[in-house]
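Generate the whole structure from the sequences, applying the supplied hints.
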Amino acid sequence: MLPFSFEWIWDLSHMVFMGGLWYALTIIGLGMTYCIIKAAVDTCKGKGGHCGH
Amino acid sequence: MDSALIPEGVKRCSFGKFIFWIIVVGAVLLWGVFAMLLCWFKGLNQTNMNDAYGFAVWIWADLAVIALGGGAFFTGLLRYIFGKDELKNIINYAVLIGFICYSSALLILAIDIGQPLRGWFIFWHANVHSMLTEVAFCLSCYFAVLTIEYIPLILENRQVDKVPFFHNLSHNMHGIMAIFAATGAFLSFFHQGSLGGVAGVLFGRPFAYREGVFIWPWTFFLFTWSAAACGPCFTILITWITEKITRKKLVKKNVIMLLAKIAGWMLATYTIAKIIDTWYWAAVTVPSKGFTLMDFYSNNPLYGIWILVLEIVICGVVPSIILITKTGRESSFLLISAVFLGALGACVNRWVMVLQVMAVPVMTFESWPMYFPSWQEIATTILPVAYGIILIMISYRYLPIFPQERQIEQIG
Numbered sequence: 001m002l003p004f005s006f007e008w009i010w011d012l013s014h015m016v017f018m019g020g021l022w023y024a025l026t027i028i029g030l031g032m033t034y035c036i037i038k039a040a041v042d043t044c045k046g047k048g049g050h051c052g053h
Numbered sequence: 001m002d003s004a005l006i007p008e009g010v011k012r013c014s015f016g017k018f019i020f021w022i023i024v025v026g027a028v029l030l031w032g033v034f035a036m037l038l039c040w041f042k043g044l045n046q047t048n049m050n051d052a053y054g055f056a057v058w059i060w061a062d063l064a065v066i067a068l069g070g071g072a073f074f075t076g077l078l079r080y081i082f083g084k085d086e087l088k089n090i091i092n093y094a095v096l097i098g099f100i101c102y103s104s105a106l107l108i109l110a111i112d113i114g115q116p117l118r119g120w121f122i123f124w125h126a127n128v129h130s131m132l133t134e135v136a137f138c139l140s141c142y143f144a145v146l147t148i149e150y151i152p153l154i155l156e157n158r159q160v161d162k163v164p165f166f167h168n169l170s171h172n173m174h175g176i177m178a179i180f181a182a183t184g185a186f187l188s189f190f191h192q193g194s195l196g197g198v199a200g201v202l203f204g205r206p207f208a209y210r211e212g213v214f215i216w217p218w219t220f221f222l223f224t225w226s227a228a229a230c231g232p233c234f235t236i237l238i239t240w241i242t243e244k245i246t247r248k249k250l251v252k253k254n255v256i257m258l259l260a261k262i263a264g265w266m267l268a269t270y271t272i273a274k275i276i277d278t279w280y281w282a283a284v285t286v287p288s289k290g291f292t293l294m295d296f297y298s299n300n301p302l303y304g305i306w307i308l309v310l311e312i313v314i315c316g317v318v319p320s321i322i323l324i325t326k327t328g329r330e331s332s333f334l335l336i337s338a339v340f341l342g343a344l345g346a347c348v349n350r351w352v353m354v355l356q357v358m359a360v361p362v363m364t365f366e367s368w369p370m371y372f373p374s375w376q377e378i379a380t381t382i383l384p385v386a387y388g389i390i391l392i393m394i395s396y397r398y399l400p401i402f403p404q405e406r407q408i409e410q411i412g
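So the protein lines, in turn, are chains A and B. Just so we're aligned, residue 1 is where the first sequence starts under the numbering used here, counting upward by one. Just so we're aligned, residue 1 is where the second sequence starts under the numbering used here, counting upward by one.
Note that these hints are calculated values from the structure, not bench results. Note that CB positions come from ideal geometry on N, CA and C, so glycine has one too. Don't take each hint at face value.
Unchecked claim - Simulated restraints, written as ranges between beta carbons of each label pair:
hint	chain 1	residue 1	chain 2	residue 2	range
1	B	179	A	41	52 to 62 Å
2	A	41	B	42	44 to 54 Å
3	B	332	A	8	53 to 63 Å
4	B	118	A	19	22 to 32 Å
5	B	110	A	26	38 to 48 Å
6	A	2	B	249	45 to 55 Å
Claimed, not checked - Listed below are the simulated BS3-like cross-link pairs for lysine-lysine, each with C-alpha atoms no more than 25 Å apart in a straight line:
hint	chain 1	residue 1	chain 2	residue 2
7	A	47	B	162
8	B	244	B	88
9	A	45	B	162
Written out as structure tokens, the structure is:
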């Protein structure tokens with residue numbers, strides 16, 4: 001649910017519940033986006049030829 | 001045949017033997033899938049749920065696997081946030097077990113809601129006054145976190161790792177894993193707690209009702225606490241079972257000892273909190289609602305007073321004493337008995353907080369309704385177990401789940 005949905009109400013419950021959900025999803029999304037973009041950049045630079053961590 | 005996919009320097013059984021066991025467990029899986037399709041196509045009349053048991057064996061299994069899967073978030077918290085570096089040798093397996101537990105929980109919920117195509121309603125048309133909404137949000141997000149924690153393991157497969165992009169992706173994901181682990185711990189705290197909160201706020205059912213802090217009843221905190229205590233016990237138990245089946249040592253003793261010690265102290269403090277909670281409930285809350293303690297226990301086979309003794313004494317006090325004492329942990333028999341009892345304790349607690357809550361009569365004209373699941377419910381509850389075994393078999397064979405395995409094999 002987003003604030004522009006018809007059933008949205010600007011109260012504490014909606015802000016805490018939905019804010020928490022979008023906050024967690026944002027962290028997960030941004031984290032994965034960072035990893036994927038950095039992996040693509042590293043690969044273009046020729047890193048990761050081979051070895052363990 | 002598949003030796004190019006097996007991690008370097010470790011031994012695995014023949015491909016034929018592996019496939020044979022996949023087929024055996026796969027047959028059980030298919031039985032569960034058949035029952036699942038029956039429930040989806042014919043409806044929930046395939047179950048023995050009724051007006052008394054709106055929550056039944058599925059919800060018990062759901063809560064139990066979520067508690068047992070708590071080893072992933074708690075071990076991750078200890079490893080990445082509190083810096084317990086030794087646990088890096090068991091964290092992969094804890095993540096795999098957590099991934100299986102949480103995907104199983106979501107699968108069971110998908111069957112239980114009857115109309116899985118409408119599963120997304122809880123996100124878009126959320127009831128923001130329901131603890132179950134919080135559970136759905138945190139459960140789904142945490143499953144995403146567990147998937148993210150499991151992906152680097154897949155990318156570390158010998159052949160996949162040869163692809164530079166996947167190698168870099170795995171490396172980068174390891175680099176920021178602490179952020180994911182912290183997010184996972186935050187999400188786990190709330191969904192484990194809210195599952196307890198669901199029972200604790202039922203003021204019309206004095207067996208479950210508890211007082212608490214602000215909007216959270218004490219059961220909120222007890223559920224989180226018990227998951228953090230019993231989850232690592234389950235991780236140790238499954239590691240031991242895997243070692244017995246593969247006939248080799250996979251994790252060094254000091255790692256198991258550390259996790260067992262932490263789990264022991266968590267279990268001991270949880271058991272003390274649970275005893276205080278039960279005493280206060282029996283002495284203050286229950287009389288205030290017009291009941292006595294024994295009104296909530298019966299001579300029937302499912303809900304006798306024995307269940308309270310089993311949960312608190314046999315599965316709480318006994319394993320706590322074993323796990324917090326060095327001599328107890330050093331004995332292999334006592335250690336495995338203790339972690340088994342600890343894991344069983346979480347299952348018994350969830351049984352009590354789901355099924356006994358439904359069964360206890362609250363009106364003078366009511367009696368104790370009994371419940372036995374239909375074969376479809378049993379098959380769909382066994383389905384995730386078969387799925388978990390298959391995923392462990394595949395992951396163990398092809399992925400570097402146990403970082404110490406090669407070293408132990410060389411020494412041995």
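Each hint, compared with the structure:
1. 179(B) with 41(A): 52 to 62 Å: violated (19 Å)
2. 41(A) with 42(B): 44 to 54 Å: holds (52 Å)
3. 332(B) with 8(A): 53 to 63 Å: holds (57 Å)
4. 118(B) with 19(A): 22 to 32 Å: Taking Cβ atoms as reference, residue 118(B) and residue 19(A) lie about 24 Å apart, which means the hint holds.
5. 110(B) with 26(A): 38 to 48 Å: violated (26 Å)
6. 2(A) with 249(B): 45 to 55 Å: With a Cβ separation near 52 Å, residue 2(A) and residue 249(B) satisfy 45 to 55 Å, so the hint holds.
7. 47(A) with 162(B): holds (12 Å)
8. 244(B) with 88(B): holds (22 Å)
9. 45(A) with 162(B): holds (16 Å)
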